[in-house]
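Enquirer: If you read the protein sequences in the order shown, they are chains X and B.
Numbering of the first sequence is given in our numbering, commencing with residue 3 and proceeding in unit increments.
Numbering of the second sequence is given in our numbering, commencing with residue 2 and proceeding in unit increments.
If you are wondering where the hints come from, they were derived from the structure by calculation, not from laboratory data.
From the three backbone atoms N, C-alpha and C, an ideal C-beta is built for every residue, glycine too.
Treat the hints loosely; a few may be bogus.
Said to hold, decoys possible - If you want a taste of the chain B side facing chain X, the calculated C-beta under 7 Å gives, among others:
1. 11
2. 332
3. 348
What the hints assert, rightly or not - Sample of chain X residues with no beta-carbon within 12 Å of chain B, all distances over it, derived:
4. 18
5. 40
6. 85
7. 152
8. 181
9. 199
10. 273
11. 298
Letter by letter, the chains look like this.
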Amino acid sequence: MADLWMQFLLTLDATLRVATPLILCAMAGLFSERSGIIDISLEGKMLMAAFAAGTLAALTGSAIAGLAGAILVSVMFSLIHGFACITHKGNQVISGLAINILASGLTVTLGIAIFAKGGQTPMLSREARFSSIELPFAEAAGAIPVIGPIYKEIISGHNILVWCALIAVWITSFIIFKTAFGLRLRAVGEKPEAVDTAGISVSGLRYRAVIIAGILCGIAGAYLSVAHGAGFGREMTAGKGYIALAALIFGNWRPVPALAACLMFGFLDAVAARLQGVEVPVIGQIPTDLILVLPYVLTVILLAGFIGKATPPHAIGRPYVKER
Amino acid sequence: MNKDALPRWIDIGLLPLINLAAALVVSGIIIAIIGENPFVAMGVMLKGAFVYKGALGYTLFYTTNFIFTGLAVAVAFHAMLFNIGGEGQAMIGGLGVGLVCLALDSLLPPLLVVTVAIFAAALFGAVWGVIPGWLQARRGSHIVITTIMFNFIAASVMVWLLAGMLMAPGQMSPETRSFAEGIGLPQIHDVLNAIGFSVAKSPLNFSFVVALLASFGVWVLIWRTRLGYVIRATGHSERAAIYAGHNPAHIIMIAMAISGGLAGLMSLNEILGVQERVILNFTSGYGFTGIAVALMGRNHPVGILFASLLFGALYQGGAELDFEFQTITREMVLMIQGLIILFSGALAYLFAPLVARIYFRLKAPSGGGNG
Numbered sequence: 003m004a005d006l007w008m009q010f011l012l013t014l015d016a017t018l019r020v021a022t023p024l025i026l027c028a029m030a031g032l033f034s035e036r037s038g039i040i041d042i043s044l045e046g047k048m049l050m051a052a053f054a055a056g057t058l059a060a061l062t063g064s065a066i067a068g069l070a071g072a073i074l075v076s077v078m079f080s081l082i083h084g085f086a087c088i089t090h091k092g093n094q095v096i097s098g099l100a101i102n103i104l105a106s107g108l109t110v111t112l113g114i115a116i117f118a119k120g121g122q123t124p125m126l127s128r129e130a131r132f133s134s135i136e137l138p139f140a141e142a143a144g145a146i147p148v149i150g151p152i153y154k155e156i157i158s159g160h161n162i163l164v165w166c167a168l169i170a171v172w173i174t175s176f177i178i179f180k181t182a183f184g185l186r187l188r189a190v191g192e193k194p195e196a197v198d199t200a201g202i203s204v205s206g207l208r209y210r211a212v213i214i215a216g217i218l219c220g221i222a223g224a225y226l227s228v229a230h231g232a233g234f235g236r237e238m239t240a241g242k243g244y245i246a247l248a249a250l251i252f253g254n255w256r257p258v259p260a261l262a263a264c265l266m267f268g269f270l271d272a273v274a275a276r277l278q279g280v281e282v283p284v285i286g287q288i289p290t291d292l293i294l295v296l297p298y299v300l301t302v303i304l305l306a307g308f309i310g311k312a313t314p315p316h317a318i319g320r321p322y323v324k325e326r
Numbered sequence: 002m003n004k005d006a007l008p009r010w011i012d013i014g015l016l017p018l019i020n021l022a023a024a025l026v027v028s029g030i031i032i033a034i035i036g037e038n039p040f041v042a043m044g045v046m047l048k049g050a051f052v053y054k055g056a057l058g059y060t061l062f063y064t065t066n067f068i069f070t071g072l073a074v075a076v077a078f079h080a081m082l083f084n085i086g087g088e089g090q091a092m093i094g095g096l097g098v099g100l101v102c103l104a105l106d107s108l109l110p111p112l113l114v115v116t117v118a119i120f121a122a123a124l125f126g127a128v129w130g131v132i133p134g135w136l137q138a139r140r141g142s143h144i145v146i147t148t149i150m151f152n153f154i155a156a157s158v159m160v161w162l163l164a165g166m167l168m169a170p171g172q173m174s175p176e177t178r179s180f181a182e183g184i185g186l187p188q189i190h191d192v193l194n195a196i197g198f199s200v201a202k203s204p205l206n207f208s209f210v211v212a213l214l215a216s217f218g219v220w221v222l223i224w225r226t227r228l229g230y231v232i233r234a235t236g237h238s239e240r241a242a243i244y245a246g247h248n249p250a251h252i253i254m255i256a257m258a259i260s261g262g263l264a265g266l267m268s269l270n271e272i273l274g275v276q277e278r279v280i281l282n283f284t285s286g287y288g289f290t291g292i293a294v295a296l297m298g299r300n301h302p303v304g305i306l307f308a309s310l311l312f313g314a315l316y317q318g319g320a321e322l323d324f325e326f327q328t329i330t331r332e333m334v335l336m337i338q339g340l341i342i343l344f345s346g347a348l349a350y351l352f353a354p355l356v357a358r359i360y361f362r363l364k365a366p367s368g369g370g371n372g
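Model the full assembly from the supplied sequences, consistent with the hints where possible.
Expert: Quick look at the structure:
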């Protein structure tokens, strides 16, 4: 029984680790999409950021430099997206797709040119990464039966970016629902004409939203290569940006429900990893591939309105053209 | 005609070329930053795509993939649907081919099996396309998100089947057994050599002919049939289509079925043309490249043929980069592709104001000075 409890706690611990980049990207998407800009380029920005972080951390030996570079590169790609979608009123899906494909090619091309390791960056030493933070008394508390391990395994021992992700949810929620900027941001995604009539720049708000999205994707990418992992590997985002997008839809473009969806998808991932190759009585080997596909299937079912209803921001995907 | 409007040859001829040039210039700058000579790289790619023995066959082989996926995107575009699920539809099309061949190859004559398999490719792809179509038409889901999700679902289904019940016995890699002897499409070099031309060996096969027929078919469908007219009308204005007595939900589903079917046909080239068994990831992103192809080709079959040839050359030429350079590889092609989608898709009209200014300035003296 104690063993099963421990297994469960370790799965929850893994859930948080897997969910961190999802949470950060979902919040990034939330800012962008609430302002009316579809963002399927979460994946590409995160990939570029992971590469930038891995590269800079390897060259300078500093995780902070890696994080800063990741944010900078990710924001640059956000601005490309903004330039295409806001300034040039281009198709937002096409722009996002272009960024994703560009990122796939560019990371490997630059990676080979800089390190000549087939697109990977070198393994990072302990100092060049964000190490896990052991909270005080973790060892002592771990000895307390049943509840002690909750503190030791789940709450303690995470790196700073995991905490960043959780705080980001709170900050996002505050900005979106409690500040004037948040109100305007939501308005610009619902009815940009109204915002324009009030004398506030639609483009300005949308640019600010995509820049915030870039910062958050940058942190997510840095988490992958210099906190969770120890270096960049090609295609290391592996569809996480799209899962985050699914979580955002699942959370109905709201921060806390999106967090819940990220944790749920992270949990499915963690469970699938634990059940890989495990034989269960009656069922036999569990088809873990089918567990991993659940986020996508659930999102399709949700979008179709079979369970609840996803309501996107009203003006999403439409470039704003000022009336003459 | 609007006096500010650019003439057609600029809109569909010059602007796409300028956009392509912009993408290539940016790629060239990146190559230069890496420390290689972009012109040398371009030369290597051109030689790799057209000059070496058998190179043209390979180029046209890749071209075939892009014709199918490009047409698929274009047909959906005409109904104002953005189908980015070509990748998944092609995978499931390949699954259809595999199931038919594995089930029937010991029972029926090869010609019949292959014919059924061709229809299965289109049918399976169509089904995988029509479900997101139905979800959009009847349940209000957004087609972009649904087709993205369907790509991932298709990939999982393929892994599950190929590593599970369809995996060849005694095999460690996730793929089916090979089809029986004689199940496959005729190779173009065999055919040409048989009638007296001497042609180098390449994977180019009968699918290329199917692709050309499909291009013609799409042209006829979109511009010469009632259905095509209704598809375009629905794309332009759903409300107008309703007033004209059409049911947009039906049209959306029909357009997505045709689109998915075309994407499904892509699997013929890889599965029946080369592999003669079903393997994982045989689509290798060709479904996404189809979007670039349709954008460059402005959703017209003729444009798509040229754009497919361009991408076929990029892919085949890109493979050559691996041999010639230490620092640049075929992933470079992915980067160029991303830039092409950016410039000819999202930034399609970036250069339009500049071109317009130059055009009207040049035209002004002869046009009476008020243009």
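Enquirer: Taking the minimum C-beta separation from residue 298 of chain X to chain B, is that value above 12 Å?
Expert: 4 Å, violated
Enquirer: Would the non-interface assignment of residue 273 of chain X survive a Cβ cutoff of 12 Å against chain B?
Expert: Residue 273 of chain X is indeed farther than 12 Å from all Cβ atoms of chain B, at 16 Å.
Enquirer: Given residue 348 of chain B was flagged as interface, is its beta-carbon under 7 Å from a beta-carbon of chain X?
Expert: Residue 348 of chain B check passes; min Cβ-Cβ to chain X is 5 Å, inside 7 Å.
Enquirer: Grab the minimum beta-carbon distance between residue 18 of chain X and chain B and tell me whether it stays above 12 Å.
Expert: For residue 18 of chain X, whose nearest Cβ neighbour in chain B is about 23 Å away, the distance exceeds 12 Å, so it holds.
Enquirer: Compute the least Cβ-Cβ separation between residue 40 of chain X and chain B, then decide whether it is above 12 Å.
Expert: With a cut-off of 12 Å, residue 40 of chain X comes too close to chain B, as the shortest Cβ separation is near 8 Å.
Enquirer: Hint validation: residue 332 of chain B versus chain X, beta carbon distance must be below 7 Å. Holds or violated?
Expert: 4 Å, holds
Enquirer: Is it the case that residue 85 of chain X keeps its Cβ farther than 12 Å from each residue Cβ in chain B?
Expert: 8 Å, violated
Enquirer: Taking 7 Å as the limit, does the beta-carbon of residue 11 of chain B come near enough to a beta-carbon in chain X?
Expert: Status violated, d = 18 Å.
Enquirer: Decide, holds or violated, for the assertion that all CB atoms of chain B are farther than 12 Å from the CB of residue 181 of chain X.
Expert: For residue 181 of chain X, whose nearest Cβ neighbour in chain B is about 29 Å away, the distance exceeds 12 Å, so it holds.
Enquirer: Regarding the assertion that residue 199 of chain X does not contact chain B, is the least Cβ-Cβ distance greater than 12 Å?
Expert: At about 26 Å from chain B, residue 199 of chain X clears the 12 Å cut-off, so the statement holds.
Enquirer: Taking the closest pair, is the beta carbon of residue 152 of chain X still more than 12 Å from chain B?
Expert: 33 Å, holds
Comparing the model with each earlier hint shows violations of hints 1, 5, 6 and 11; every other hint is respected.
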